[in-house]
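Since chain A is already given, all that's left is putting chains B and C on it; use the hints.
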Amino acid sequence: MPLSLLLSLSMALLVVGLHAISAARRTGRSQQTYGISLVICVILLGMALVHLLSAAAPATLILPLGLPWLGAHFRLDALSAFFLMVVNLGGAVASLFALGYGQHEPAPGRVLPFYPAFLAGMNLVLLADDAFTFLFAWEFMSLSSWALVMAHHRESANTRAGYLYLVMACFGTLALLLAFGLLAGPQGGYDFATIRTAEMTPGLAALALILVLMGTGSKAGLVPLHVWLPLAHPAAPSHVSALMSGVMTKVAVYGFIRIVFDLLGEPVAWWWGGLVLGLGGITAVLGVLYALMQHDLKRLLAYHTVENIGIIFIGLGLALAFQGNQMYASAALALTAALFHVLNHSLFKSLLFLGTGAVLAATGERDMERLGGLIHPMPWTALAFLIGAAAISALPPLNGFASEWLTFQAILLTPELPQWLLKFLAPAVGALLALSAALAAACFVKAFGITFLGRPRSPAAAQACETDRYSLTALFTLATLCLLAGILPGLVVDGLSPAVSLLNGGARLPVQQSQPWLTLVPVVDVKSTYNGLLVLLFMALSGILAAVLIHRFASHGVRRSPAWDCGFPDVNPAAQYTAGSFAQPIRRVFGSVVFQAREQVTMPPPGDGRAARFEVKMRDPVWDYGYAPITAAVIAISNRFNHLQYLTIRRYLSLVFGALVLLLLGMALWR
Amino acid sequence: MHGLEFDIAHLLAGGMVVISLLLLYQDRLYALLKVFALHSLTLALAVGWQAHIQEAHHLYVTAGIALVFKAIVIPIALYRIVRQLGIHRTLEVVGGVGRDMLAGAALVALAILVMLPVTAGTDAVAREDLAFALAVVLLGLLLMVNRHNAVSLVIGFMSLENGLVLAAAGARGMPLAVEISVAFSVLIALIVIGIFLFRIRERFDSVDMQAMDAFRGGRRR
Amino acid sequence: MALMHDHLMQGGQMLLLLLLAPLLTGWVRTLKAQLLRRRGPSLLQPYRDLLKLLRKEVVLADSASWLFRVAPYLIFAAIWVAAALVPTFASSLPFSWSADLIAIVALLGTARFFLALAGLDVGTSFGGIGASREMMIASLAEPAMLMLVFTLSLLAGTTELSAVARFMLTADVGLRVSLALALLALIMVAIAENARIPVDNPATHLELTMVHEAMVLEYSGRHLALIELAASLKLLLYLSLLGCIFVPWGMTTAGEEATAYLLGVAAYLAKLGLGGLLLALFETSIAKMRVFRVDQFLSAALMLGLLGALLLFVSRSL
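If you read the protein sequences in the order shown, they are chains A, B and C. Residue numbering for the first sequence follows the working numbering, starting at 1 and increasing by one per position. Residue numbering for the second sequence follows the working numbering, starting at 672 and increasing by one per position. Residue numbering for the third sequence follows the working numbering, starting at 893 and increasing by one per position.
Okay, chain A solo, but in the shape it has when bound (with noise of 0.2 angstroms):
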């Protein structure tokens, strides 16, 4: 019964954009569009907590749709129903942000149409229970998705964006055909139920993880994959945007979750874990690197997906290493480590890219170079901005540190795998996930203290004022959330423990909310143990006693002035650190290698009244070793079969007629 109300709210959310195409031009249909996606999405929200929490025996039901002889199969179980809570929440508060912020719209007939039917796709990739429906949905979701990417396609950038989105979608659902292919065997049984019960052979399998890694891997943002999404995501408005950063590349996770912990199953072989955790180490890394060279504030948040993205796979391979090794408790930390962090990162990666879309709003702007003091005329967004960059810097007691945590402790369990390649790998990949952290924290200081603090750097800048309250509600809710799950994570261990014991088999992570002051216990009580809420009282406390006492007992007469500066205070904001500059330590010691980064200075000699010009030269190493190699053959191949556009109509006849005799003799030979 709750599928059925489901399915039919999903359908709801298409009637509303077929609704929207109709009324876009009419002046408050956006304001309604986005009202009643808000109001669908709690709904949906509250009965996928229902479902979670209430640990409610999988619902099925089939439809007459699709493929005849198949039909579409829907299914809610613990899995879907804690990733529709995650896609729901996003779209809730995304609409919520977007009923204030849908306004400063140029063209809301490119947007209102595809935003809740992208909202459906999404949603109905979560419930999908056969290979068609699922692909289907998959698609629907891509598309829609890119449809908002070009809602602004005059700009040749992001054109550009799209055309690669275009691409790199395609692929991905290519590679998934293949996989689903591979699963459903020679008997062709597309249904998941049938798949779950299937054998595969070891080396169908592994092709198969490999194709769901490329399928997937390519949907959320695995490097080498990830090129497109840095251009797309920025590209559609910024409540599209968080949606695609925060929710859609979770809807990628969970296919990835679904196919290769549900459907493949039992035996994992050790190696998979290695290869995912792997790839996870090297995306985390990469991701954020990119991220601290980028000085435009939404593609910086977009090269951050693919950190924390990196970070999600590192406890999926954990989870798998154990797995294949039958250490199931362990593999109960890993995974649950992982879906903490896929909630976590939609949380505050959907806080921050509405918090850029406020900054955009108010100035226009998303350059950081031309930002800088926003903190005085938007204080409020300052504040949820805040939190947001210190949740995803990982800084306790917010929900970031406590989902790394979770992920370090699995690393911690790593020395009683028997592979000697996982024992040495495991630390490695928690010496990357510790670099990307503490990058990751920088990165932050950056865009917050660029783009908020400091003096304005442009007029516009200095013009701002704060953003509607919508938009504030919505940041609001998002930082709140972000606090309570890092000083209640005990309650989300518990809440996620049904998707865990059912990818498990059966195992999950000890009951927490049992602990003394909810304290988080992983392991057992002699392990390591983490308390949110104690960290934060103590710090409140000390913060606030030290305040109190200083200000009655000692002084609290405070005097403006200009700033001290050494005694050389600079007029000129254009003196001030800019994004380029924070960033340069950094990009000595870390892009030199990895994206071969040289600096350049030109100084004029003396006398000579032209500019001193400063040029960095970077390399995107994935692009220019894998990408571009396969551009440049595909062109070549092309350039090479050009000249068949121009034979007579005899050489063509007779390139069909010769194309039929080989596969002729192909078959009297094969026979």
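In case anyone wonders, no lab produced these hints; they're calculated from the structure. Hints may contain errors.
A few chain A residues that don't get close to chain C, going by computed Cβ distances all over 10 angstroms [to be verified]:
#1 L143
#2 T173
#3 G364
#4 F401
Below, simulated BS3-like cross-link-like pairs (lysine-lysine); rule was C-alpha separation at most 30 angstroms, straight line [claimed, not checked]:
#5 C:K924 to C:K948
#6 C:K924 to B:K705
#7 C:K1180 to B:K705
#8 C:K924 to C:K1180
Cβ pair distances, simulated, as ranges [to be verified]:
#9 B:V744 to A:I630: 28 to 38 angstroms
#10 A:A628 to B:V744: 38 to 48 angstroms
#11 C:F1138 to B:R754: 31 to 41 angstroms
#12 C:A1179 to B:A748: 55 to 65 angstroms
#13 A:V593 to C:A1162: 41 to 51 angstroms
#14 C:W958 to A:L63: 49 to 59 angstroms
#15 A:H551 to C:L928: 36 to 46 angstroms
#16 B:I743 to C:E1149: 52 to 62 angstroms
#17 A:R619 to C:P933: 25 to 35 angstroms
#18 B:R754 to A:G609: 30 to 40 angstroms
Where is the CB? At the ideal position from N, CA and C, for every residue including glycine.
Just chains B and C now, with coordinates in the frame of chain A:
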């Protein structure tokens, strides 16, 4: 098995790996020489300890040779060569310590990965010594590959040789005669290299190996 | 009764740390001055400085925001809480389960995050230079520190510091190269994190060589007092950490009598005094390095930490 005997052997052999890594970190010749002397001293201690726990008295001789020649004579000789060549202020441009150390750590992991499965079944001390010895050899090679200066090359070579001696001591003794002949061959190598260093200097005004590349025949980049 | 006792212990430790921190800074300064044949300030000078600063009014730059004013309290609170969770004189700390070593490192990260933001807030070039370099240093120091956590957790089976300290007191530890490596890495990280020579110079006001001082350049009055106190606390924290992991002897274990506590405190003070002496000796005998040497210094620390963890795998699985 995990008694004090094992712990000390582990500490000394592991210490050699660590000092090999420290060699990678040094970019000054004098510092390099000092660390090399420490490397040899640790070798002498490690071999001496092996002699004690295996009760193999000829290993004391090996340890003595390591102590006298490698920890005292050779560093002092090289020290004087460096001073006479006047290159003690030369800073070698190390191409990113982080990268070198990363490569070093990876080599150590590789050595362990290779050695431990191969030696399964023998006793713990020998297994670990062999793994660490291979790591020391690989790190010595890395040092030789990475440096331009001829003196650093010599040090890399000597540290590599230290690794071989460690392996020999751990693997229940190579005959003393072999050991002594190896030690003397190293000494002769030192003398030859020393002479060559001065000759190279005379010819090219530098002991930077890059300067010599220009005089190489054949295809150049 | 036991609960009261626990709370008293925790409160006592927090207060002790707060009182001791300036003394440690004064001790190091005096020693350094005497090593240079200067007479140096009195041991109590840091207390006098703090009191003076507390009584002064705050001079705030025009472009400073609310964050600039909140940050000192946040930084102080984060570092104080972190320091309170490191076992000092007693190995069983009642609240140590609320945050393990990873969380302590992350708490220091929180303090650094807000300090760097405060450096950027006024919009001066020195603040920016300090913030950007501090984050570069931290980006290598934090992973190195976490590698140490890895090594310890492999040995002791936990990341909770009290348990680690208790484990280190037992004879199961043995002599380990990994521990030596971890010690080396921790010392290197501690030097970098506390802005000591050769990474940074705590006494300089020569603009281009400073990192930490550049970030706090705009602070004055009570804000500066809090930040200075937090810096002293951080130094104390790292020395306590070194003490409780690598020289745990003399620590009181649970359930002993009052005299044992006195003994524990005395041992702790002795460790601090020795640590301060070593620090002063080290700092006077070495020159500050260029900023772009620091990354090599710290990547060496990171690699040592990683190697320590690797070697431990070997000796464990033999």
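A quick look at each hint next to the structure:
No beta-carbon of chain C is positioned within 10 angstroms of the beta-carbon of A:L143; the least distance is around 40 angstroms. Once the 10 angstroms rule is applied to beta carbons, A:T173 is consistent with being away from chain C; the minimum gap is 37 angstroms. A:G364, annotated as away from the interface, keeps every beta carbon of chain C farther than 10 angstroms; the closest lies near 21 angstroms. With a least beta-carbon separation of about 6 angstroms from chain C, A:F401 fails to lie farther than 10 angstroms from that chain, contradicting its non-interface assignment.
Distance check on the hinted pair: C:K924 and C:K948 sit about 28 angstroms apart at the alpha-carbon level, within 30 angstroms; holds. Proposed proximity of C:K924 and B:K705 is supported: the alpha carbons are some 27 angstroms apart, at most 30 angstroms. For the hint linking C:K1180 to B:K705, the alpha-carbon distance of about 21 angstroms falls within 30 angstroms, and the restraint holds. Of the pairs offered as hints, the one joining C:K924 and C:K1180 holds, with about 15 angstroms between alpha carbons and a cut-off of 30 angstroms not exceeded.
B:V744 and A:I630 have their C-beta atoms about 59 angstroms apart, which leaves the hinted 28 to 38 angstroms range violated. Between A:A628 and B:V744 the Cβ separation comes to about 56 angstroms, which falls outside the hinted range of 38 to 48 angstroms. In this structure, C:F1138 and B:R754 meet the distance hint of 31 to 41 angstroms, their C-beta atoms being roughly 39 angstroms apart. C:A1179 and B:A748 have their C-beta atoms about 29 angstroms apart, which leaves the hinted 55 to 65 angstroms range violated.
Range check, A:V593 to C:A1162: Cβ separation about 45 angstroms, and the 41 to 51 angstroms hint holds. Taking the beta carbon of each, C:W958 and A:L63 are about 55 angstroms apart, inside 49 to 59 angstroms as hinted. In this structure the hint that A:H551 and C:L928 lie 36 to 46 angstroms apart at CB holds, the actual value being about 40 angstroms. Remark: the range hint 52 to 62 angstroms for B:I743 to C:E1149 is upheld by a beta-carbon distance near 54 angstroms.
In this structure, A:R619 and C:P933 break the distance hint of 25 to 35 angstroms, their C-beta atoms being roughly 53 angstroms apart. Taking 30 to 40 angstroms as the suggested C-beta distance range, the pair B:R754 and A:G609 does not conform, at roughly 52 angstroms.
Of the hints listed earlier, those the structure fails to meet are numbers 4, 9, 10, 12, 17 and 18, in rising order.
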